[in-house]
Structure formats: C-alpha cells, structure tokens
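Put chain Z on the given structure of chain B with help from the hints.
For the protein sequence lines, the chains are B and Z, in the order given.
The letter at position 244 of the first sequence is residue 365 when you use our numbering, and the numbering goes up by one with no holes.
The letter at position 160 of the second sequence is residue 431 when you use our numbering, and the numbering goes up by one with no holes.
These aren't lab readings, by the way, just hints derived from the structure by calculation.
Do not rely on the hints blindly, as some may be mistaken.
As the list claims (entries may be wrong) - Have a look at the derived ranges for each label pair, beta carbon to beta carbon:
no., chain 1, residue 1, chain 2, residue 2, range
1, Z, 372, B, 381, 33 to 39 angstroms
2, B, 508, Z, 332, 56 to 62 angstroms
3, B, 557, Z, 372, 54 to 60 angstroms
4, Z, 435, B, 320, 43 to 49 angstroms
On a predicted model such as this, the values are computed, not experimentally measured, just so you know.
We treat Cβ as the ideally placed atom computed from N, Cα and C, and that holds for glycine.
Here's the letter readout for the chains.
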Amino acid sequence: MSAPLIWIGLPLMLAVFLLLLPRERLVTALGTVSALLLTGIAYWLPPDTTQRLGSLSLRIEPSLTLLGRQITLDAGDQTLLMLVYGTAAFWFFGTFAVGQARQIVALGMAIIALLMASLAVRPFLYSALFIQVAVLMSVPLLASAKIKEKAHGSAAQPSVRGLLRFLISQTLGMPFILLAGFLLSGIEAGPADVAQVIQASLLLLLGFAFLLAVFPLNTWLPLLAEETSPYTVGFLLTMLSTFGLVLALNFIDRFSWLRNSTQLPTVLQFIGILTLVTAGVWAAFQRHLARIAAYGLLAEIGVSLLAISLPDRQIGLQILFSLLLPRTLALGIWTMSINILQTQTGDLRFAAVQGLVRRYPLATAGVIFSNLSLAGTPLLAAFPFRQTLWERLALQSFPLAFWFGIASLGLWLIALRTLAVLTMSPDNVEWNSQETWPQRILLSIGLLALFLLGSFPQLAQPVLTSLPTMFEFLGK
Amino acid sequence: MPDVLLWASVFFLAITSTSLLLSREWRWSIAFLAAQYLAAFWLVEFHWPFTMSAAKLVTGWMAAAVLGMTQLHAQPTLTNEPSWPQGRTFRLLAAGLVLLAALATAQQMAGWLPGLELPNASGALILISLGLLHLGMTANPFRATIGLLTFLLGFETLYAAIENSILVAGLLSTITLGLALAGSYLISLTAWETNE
Numbered sequence: 122m123s124a125p126l127i128w129i130g131l132p133l134m135l136a137v138f139l140l141l142l143p144r145e146r147l148v149t150a151l152g153t154v155s156a157l158l159l160t161g162i163a164y165w166l167p168p169d170t171t172q173r174l175g176s177l178s179l180r181i182e183p184s185l186t187l188l189g190r191q192i193t194l195d196a197g198d199q200t201l202l203m204l205v206y207g208t209a210a211f212w213f214f215g216t217f218a219v220g221q222a223r224q225i226v227a228l229g230m231a232i233i234a235l236l237m238a239s240l241a242v243r244p245f246l247y248s249a250l251f252i253q254v255a256v257l258m259s260v261p262l263l264a265s266a267k268i269k270e271k272a273h274g275s276a277a278q279p280s281v282r283g284l285l286r287f288l289i290s291q292t293l294g295m296p297f298i299l300l301a302g303f304l305l306s307g308i309e310a311g312p313a314d315v316a317q318v319i320q321a322s323l324l325l326l327l328g329f330a331f332l333l334a335v336f337p338l339n340t341w342l343p344l345l346a347e348e349t350s351p352y353t354v355g356f357l358l359t360m361l362s363t364f365g366l367v368l369a370l371n372f373i374d375r376f377s378w379l380r381n382s383t384q385l386p387t388v389l390q391f392i393g394i395l396t397l398v399t400a401g402v403w404a405a406f407q408r409h410l411a412r413i414a415a416y417g418l419l420a421e422i423g424v425s426l427l428a429i430s431l432p433d434r435q436i437g438l439q440i441l442f443s444l445l446l447p448r449t450l451a452l453g454i455w456t457m458s459i460n461i462l463q464t465q466t467g468d469l470r471f472a473a474v475q476g477l478v479r480r481y482p483l484a485t486a487g488v489i490f491s492n493l494s495l496a497g498t499p500l501l502a503a504f505p506f507r508q509t510l511w512e513r514l515a516l517q518s519f520p521l522a523f524w525f526g527i528a529s530l531g532l533w534l535i536a537l538r539t540l541a542v543l544t545m546s547p548d549n550v551e552w553n554s555q556e557t558w559p560q561r562i563l564l565s566i567g568l569l570a571l572f573l574l575g576s577f578p579q580l581a582q583p584v585l586t587s588l589p590t591m592f593e594f595l596g597k
Numbered sequence: 272m273p274d275v276l277l278w279a280s281v282f283f284l285a286i287t288s289t290s291l292l293l294s295r296e297w298r299w300s301i302a303f304l305a306a307q308y309l310a311a312f313w314l315v316e317f318h319w320p321f322t323m324s325a326a327k328l329v330t331g332w333m334a335a336a337v338l339g340m341t342q343l344h345a346q347p348t349l350t351n352e353p354s355w356p357q358g359r360t361f362r363l364l365a366a367g368l369v370l371l372a373a374l375a376t377a378q379q380m381a382g383w384l385p386g387l388e389l390p391n392a393s394g395a396l397i398l399i400s401l402g403l404l405h406l407g408m409t410a411n412p413f414r415a416t417i418g419l420l421t422f423l424l425g426f427e428t429l430y431a432a433i434e435n436s437i438l439v440a441g442l443l444s445t446i447t448l449g450l451a452l453a454g455s456y457l458i459s460l461t462a463w464e465t466n467e
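The following block holds chain B by itself, in its conformation from the complex (with noise of 0.2 angstroms):
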C-alpha cells in the first residue's frame, strides 16, 4: 500500500461512500472515525519508515505514480497529516452539534484529500491545480449549507454574491501561481535576470494575494460569512488558508533566492500588518456574528504572514505552527456557537440576537471567549503565541508592535460589544438553556480546551514543534 492511496486515495473513495449513507449521524461518526484512523495510521505507521509488529514488518511505501507525475508524501509529512486529520476529525464531530453532517463531513473529507494532493505532488508547482479542483468542489459544499439556511427560514440575503466572488478570487489566483512556478524555476539557482525575478515575484504576490485572501482581496469573506452557514465557511476557510500558507513556505524553501531576499520579509510584513489591522479595526464596527468571525479568520491570516516575516526563520515557523491548533479551535467553536444562535433566530445580526445568552449561555460563551482568544487574551489558548510574536515584532520596529495592538483591541472591542449585545436581556426572562445535549457537550468541551491550551501551552507542542521540519531549508 503507499501512502497517497491511504491518505488520499481511500479518503476520496470514503467521502462518495459518506454522500450516499441515509443517517446524517451515521456520516458524522464514520467521518470522525475515519479521520482520526487516518491520523493514527500516520502516529504509528508514517510513510516510508519500516515498523515491526512482532514478526510482522509494515512500510508504507512512499510515492504513486499518477500520469506520469509523482505523488509523493514522505516520513517528514507525518506531522501535517497527523494535524490535518486531527483537525478534520474535529471539525466533523462538530457536526453532531450544527447538523450538515453530509455535507460537512463528505464533501470536507475530498477537499482535505485533493488538499492533501496538493502538497504530495512533485514537482510542487503543480499544488495550485489540486487547490483549484478542491475550491471547485467548496461550491456545493458552501452552496448547499445555503439552501439549508433558507430552509431553516434564515434571512440571510437572496444572493450568491460571495459565494461568486469567492469563486472568482480564488480561480484567478491559481494562473499566477503556476506561470509564477514556471518562471521560478528557470531561476531556480539564482536570481540570474532581474527583470526575470522581478516578473516572477509579481505574479507570485498576485497568486498568493488571491489564494490566501490578504488585504484588498478579501471582501468576499465577510459576505460569504454572511450569506452562507458559518460553520462551514470556518472549516473551509481554516483548511484552505493553512494549505495555502504551507504552498507560500514551500515556495519559500525550494528556492534559495527567494528564501535569502531581504525584500522578502518586508513585503509579508506589509502585507501581513496591512491584513491583520484592517481586519481588527473593521471587526470593531461590524454588526452581524458571522461577519465579525470572518473578520477574526482573515486576522489570523495576517498573523500568519507577520509569523513568516520574522527574521528569525525558526522562530517565526514555531509561532506559525503553534498558532494552527488555537486558532483551528476558536473558529470552530466560534462558529458553532455562531451556527447554533442562527438555528434559533434565523439571523445574526445584533437586533436579532440580543439577550439570547439567558437561552443560549454556553454558545454565548463560546463565540465571546473564542472571539477573545483570537485577540489575544490572557488564559486562552492563542495568548501564548501571539504575545511571543508580539514581543518579536516590538523588538524589530515599533509601529509594527503598535498596529499589532491596534488590531489586537478591535477584536477585543468587538468582543466586549457582542457580549454586551448577547446580555441585553429583561429581567423577567428566565434562564433556560435551549442548547441540545450534544451541542451543550461539545462546547463545554471546547471551552475547557480553549482555557486548558491557554494555560499549559506546551501540551500541544510535541506534535507541533516536529512541522517545520517537513521544510528541507527553513526548517533547519
């Protein structure tokens, strides 16, 4: 057996079986099941490494020939397949609490496949393609989350407006990033021709500004947040912007002039703050739930790019990685939450959802203290790492420190704004949580990860701090 047909192959085939069972719990299960085997396998059985079990000698052979080209996931993969079926373990057993098990769960488990693929194909210019084919099949996805909305008797806006756009920003950002692959590889050495350079560099900005939804690229996002159910936005989005950040670093890696250009730090950082305070600051003045999450998601993109950007390659890759777990955790629970209000009130702008806390407590609790996380905030799980990168960033300019906080309190404000809204309740409304039984679990739960990870920090960072040496170069 090799291990892009256990990791890709057989993930693609369980995720047509999924679509065709009756029971959405049924899909539910099956899916975390199989997810978390999936992340087994890669703990005990990682490809390329030979395992003895007694007499018994297991290898999973590495690479696939598909077409002609190499589909290729090695012993060094081991961590991000762990973390990414870890991940989508997670996201599906959500399900039980929103619903949209069928959805969520079988067409999550081909996109985390074609996903996957992106970052097993060699040579790796060709990730892009796997990328595009794994948005082209969001569309039902996000699509069909919609039309369950309106059936729900949601108010969200008759409209397809960002489903479109996100349609559309996507598909434009996967030209540039394979004619950019191209002409990097003719420089593949050395910046040889600068013009040369200077044209790849450009298209690689323009695929990468598209792909990761940076700053004036983004609009989209709060209006799909808005039209579309938000637990699957979070999940899509968390996934695609993670891939697509992974792509950013192997580009990053595979070549040396590109890894050693001092403009590079620059442009991420500008980019990256750019991103990040605009995201913070318009949060503060958004008056719809699922808008403000999307707002909190392109963030942590920014974030993410700011992480990069340090000078100190090793350290910058520790806060990215260890930013993955926090974050995965706040929007999912943030979402939830999000998608349980709009089960009950068909609409989540302020009007609509104030005082629901005396009848939905724990998903008040859950999109306030994962809003918090995502800003920062002592005890909880993104705290640690953000003050880290913080504290880098005040140490090698101080506006980029200052806008960092700026950002920092937007989401803070919006934060206290929210709980001021989801609290407004009369008095004479008694408290009576309305959450079900599986909803009330998952989010209590979620909240004690979101406390416990923001308390002992180190907990996750054995699993973590392996993932940069999936990188020949950066990660050493």
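Relative to the frame of chain B, chain Z by itself:
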C-alpha cells in the same frame, strides 16, 4: 501550421470573446463560447499533440453544454440582467481598448515565456483580458462563469506552450468542467432563490 491559420484563430478569438461581452441572449453566448473553444483548439494544437488538444476542445464544449442545459431551466429569471453599464457601445469601446492593450503587450509576453509564439501570446492575452473585463462587468452567475471560463482558456492557451504534462492537461480539463458545474450550481441556486 501556417502562421496565417494561427492569426485567423486569434482574429476569431477576438470576435468570439467580444461577442460574449456584447451578447444579451444566453443562447448566442453559449454558441460564442463553443466557437471560442474551437479557435483556442487551433492555437493549442500548435504546441500539443492533436489528441490532447482535442480533449481540451471536447471539455470546453461539454462545459458550454452544461451551462446551456442549466440556463434552459433557469431561463425565466436570468435572461435580463440589470447590470451597469448596459450600453453596447460602452462595452464595445471597452473591449476595443482592452484588445489594443492585449495586442500591444503580446510581443513582450512572447519574449517572457520560451517557446511561446506571437499568435499564441496574442490569443491568450485577448482571452485573459476580455475574460477579466467580463468578470468586472457582471454579477450574474451565468455571465461570471463565462468570464471565468474565458480567462481560464486564455491561461491554458498560454500554459500549453510551456507545459505538456498529461496530468496538468487532465487537471485543467477537470477545472474547466468543474467551473461549468459550479457555475450551473450557482445559476440554479439563484433561480431557486428568486422563485422562492
């Protein structure tokens, strides 16, 4: 292949992509899209084996067919798009300007990528720029999908000169077909929402 045939394809591409921008009747749009794939096939065939180019042509026609079938059912709600600006003269002028800009930069583009001939660069840039112009002028899923397909076809024409891997060709065909299917899904969704 004689140069005159290649330039004839480029001329044909300019006609079809401009017509796509001007057309208000979806049936004509589908016909122009199909014709556009035929013209691009001649350009791609210059670099790729006949079978691979033919696969691209068939995929494009399938995409056009998918869009046409969907539009047939969604027709009552999507024929008249109230988009700005509506005037055909404005669109024609904009298309003319973009065409001029594309042709002016084609020479430079041909120098960028080794193996890329001037007619191919011209055809690709015409498709890319008019596809982008189309995308900038509409919020209608049907027209946006056509704009995206035009943009992608332009890129494929360009990329064919530098890459002839079967895997890449297969994935690009999958993306073309996937775009048409995703566009159809969005057209149906808009029609469904309007009918609700």
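Hint check:
1. The supplied range of 33 to 39 angstroms is met by residue 372 of chain Z and residue 381 of chain B, whose beta-carbon atoms lie about 36 angstroms from each other.
2. Between residue 508 of chain B and residue 332 of chain Z the beta carbon distance is about 57 angstroms. The supplied range of 56 to 62 angstroms therefore holds.
3. For residue 557 of chain B paired with residue 372 of chain Z, a C-beta distance near 58 angstroms keeps the hint of 54 to 60 angstroms intact.
4. The hint said 43 to 49 angstroms for the Cβ distance between residue 435 of chain Z and residue 320 of chain B, and at roughly 22 angstroms that hint is violated.
Hint compliance for this structure: hint 4 alone is broken.
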